[in-house]
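Spelled out from the first residue to the last, the chains are:
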Amino acid sequence: MHGTRTLQEADRLMTVCNSCRYCEGLCAVFPAMEMRRAFSDGDLNYLANLCHSCGACYTDCQFSPPHEFNVNVPKTLAVARAESYAAYAWPRAFAGAFARNGLVISLIAALSVAAFIFGFAAINDRGVLTGIHTGPGAFYKLMPHNAMALLFGLALLYAILALVMGVRAFWRDIGEPVGMTTDAKSLLQAVRDAGELRYLDGGGVGCFNEDDHPTDRRKLYHHFTFYGFLLCFAATCVGTLYHYLLAREAPYAWWDLPVVLGTLGGIGLVVGPIGLLSEKWKRDRVLVDEQAMGMDTAFILMLFLTSITGLALLLWRETAAMGPLLALHLGVVFALFITMPYGKFVHGIYRFVALVRYARERRMMAQGKAE
Amino acid sequence: MVDLTRRFDVLVIGGGNAALCAAISARRAGASVLVLEGAPKFYRGGNTRHTRNMRCAHDAATEILTGPYTEEEFWKDLLLVTGGQTDEELARFMIHESKDILNWIVEQGVRWQPSLGGTLSLGRTNSFFLGGGRAMLNALYRTAEELGVDILYDAEVIDLNIEDGMFLSAQLKQPVGGRTEVRASTLVAAAGGFEANIEWLKEYWGEAADNFLIRGTPFNRGAILKMLLAKGVQEIGDPTQCHAVAIDARAPKFDGGIITRHDSVVFGIVVNKHAARFYDEGEDIWPKRYAIWGRLVAAQPDQIAYIIFDSTVVTSFMPTLFPPIAGATIAELAGKLELDATALEKTITDFNAAVQPGTFDHTILDDCRTEGITPAKTHWARRIETPPYLAYPVRPGITFTYLGTRVNKQSRMLMKDGRPSANMFAAGEIMAGNVLGKGYAAGIGMTIGSVFGRVAGREAAKNARN
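Protein chains in written order, with numbering that gives the first Met the number 0: chain F, 0 to 370; chain A, 0 to 465.
Simulated from the structure, these hints should not be mistaken for lab results.
All values reported here derive from a predicted model rather than from experimental measurement.
The reader is advised that the hints may include incorrect statements.
[Stated by the list, open to error] Below, computed lysine-lysine pairings styled on DSSO-like, alpha-carbon distance capped at 27 Å:
#: 1; chain 1: A; residue 1: K98; chain 2: A; residue 2: K230
#: 2; chain 1: A; residue 1: K415; chain 2: A; residue 2: K98
#: 3; chain 1: A; residue 1: K345; chain 2: A; residue 2: K415
#: 4; chain 1: A; residue 1: K335; chain 2: A; residue 2: K408
#: 5; chain 1: F; residue 1: K281; chain 2: A; residue 2: K40
#: 6; chain 1: A; residue 1: K98; chain 2: F; residue 2: K279
[To be verified] Derived contacts from chain F toward chain A, CB cut-off under 8 Å, selection only:
#: 7; residue: C19
#: 8; residue: T58
#: 9; residue: H66
#: 10; residue: L199
#: 11; residue: G203
#: 12; residue: G205
#: 13; residue: D211
#: 14; residue: T214
#: 15; residue: F351
Ideal placement from N, C-alpha and C gives every residue a C-beta, glycine not left out.
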């Protein structure tokens, strides 16, 4: 019937849930389920990516284990979600990166950092690498700006290409014609739902994590992480514009926009990942996809390393440590970029796409146009 | 650790909606409270686990209710479903109190949602728990714990020490720790009915009870009810009656809950093990039609029946947990159901021939009926003629029992001689028969539980202080 045993189990659960429907007020998954009577692989992958893993439906379910119906929707959909990332990976040859993701990401990160350190050492005199550089263009004494922009630009472009190809496969699998432009209202709705993490709240009381007492901590830490990431990205963009449009070269003063954005974002990217990691460790094992722990941890650590090396660079940029710290930071960021399509980063993309689809379905239902 | 050597102000036996409302309201009134739940933690809450809404009167539409449902209308509905078998004074008191319960229960941490897909017919009268009955229970337990109510699970009460209508102590038996005497100034019995006690059901139903499926947990054995009645408490409600609906015969013996029900009777015909029809499948509209089929099937040989329909109506009702059994021909379907193929073919041929032309509308009592067969199908009759032919096997699914303890408006038990008990109160299914002598209206069990639970807790706390 289904491509994998996980999807087989997800189908069994959705059949149980669809004949109960008590959870329909908790999140988007169950109303989306109710629009269907049978579930294709694509439907199940859609529902899996729509699930935010708040855990409420497990705590609220009268049929969760030890009941013989053994209903554990958050865990089953978490496994299905992780498997869907590999299924949609582009190019197909790299799908295996998801299997031992923690190891893969660590190796790539280590190699990337090493490459930058050796690269800096190879192209520069020892005195340059460990020297003290200040004033505009200080960083570019170690690596010319154009080389840096080219390298990171290419890495980012590659990541975007791979992500777009993955989304294409996902969009097709969940039954939407490729190339079809979605309507602006659904898109806007999805932006809002993702931006607020609307469905990471157990239907209003908060997430169920380590026990049956709901809290908002995971949502809060995710906000720190996500908005921290956005601020860091904005800092990079502003810096690039400064460079090319205003011909103002980094490093900038602490009060300048790229530094302010980057510092705030960096703090978010320190607090958020630490919080998320501690919540993850506390989480009730019954809700956890153990197979994906490596992937989740690797991604959280990469974000944490990005911010911590960036902040360290800011603090010690006027000392002899600047060279090695720059290599470290660039190595981490480069690894983050090129592994984006092959790690936990994709969860945000697929979930957003699922939210767009959900918003569309809701609108179509409201207009009575549903199939 | 709960200190069982102390004397509690209020002992609550049971762990569902009524028990928790009683515990919370007693605790809020300043009493020390111990809750003894006989089930393990996961199965706590008895039938409340499987509920999803409550029927409360309200004078105006709210965020979650689509329109007003006055006390008078509630009373009329209750009168209708019980056929008058209700204590008017108690019932009107409950209906009046239900208005405030809408807010009170929210203060105890329970969250409402509007009625959504599949339950729109109840959108005006019933308030739905966000996440269902177990979510509601979880909220009540959290609140009770935060207030300092002591709660024990796997806490079976094996005897009650009652003298002349006065509760003195309870014998508690725990898997670890053995037997303990628990003393309290007052007792609130909120331990449900006896629907999971097959031996007890057999007293009224005979061997047929072996074929009943129980929709709730195996812990609703009525032990407390039996002790109370044996110790002089006045009984109320028909002991031979229970609320039963037709549920899938493939459901587990216990705790299949809501998802084993079938709501497809009106879209086909129902036959017994002799492949013969036995009742008008089109008699009445949902939800009344839904509630009678458990009893009808219980009266059939071997307590089994089959809802039979064809492929044209598959999407007319909610998706089911168990898929329908299918056959390309009537004979093939009969073979899979182990029914006599010739008999089933004749039943369906006769039925099809009797169907009169009409305009089908399952939301009203339409004009699609049969003529010339017995029993007739008086509404929604359409030919069964488009293969594959489909069937659901069904058995009686016992939901709750009506036998209970008599109470007054304080939720205080009345003794056989009519005197009120000195310190014993009852709430929930164990006293539902006072209000609901027979029949059923969606969500009313929860109303009884919350209203009388709250009252019982408050009165017990007051009683304990005196």
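Hints and how they fare:
no. : hint             : in the structure
1   : A:K98 to A:K230  : violated, 35 Å
2   : A:K415 to A:K98  : violated, 32 Å
3   : A:K345 to A:K415 : violated, 55 Å
4   : A:K335 to A:K408 : violated, 54 Å
5   : F:K281 to A:K40  : holds, 21 Å
6   : A:K98 to F:K279  : violated, 43 Å
7   : C19              : holds, 5 Å
8   : T58              : holds, 6 Å
9   : H66              : holds, 7 Å
10  : L199             : violated, 15 Å
11  : G203             : holds, 6 Å
12  : G205             : violated, 12 Å
13  : D211             : holds, 6 Å
14  : T214             : violated, 12 Å
15  : F351             : violated, 25 Å
Checked against the numbered hints above, the structure breaks hints 1, 2, 3, 4, 6, 10, 12, 14, 15 and satisfies the rest.
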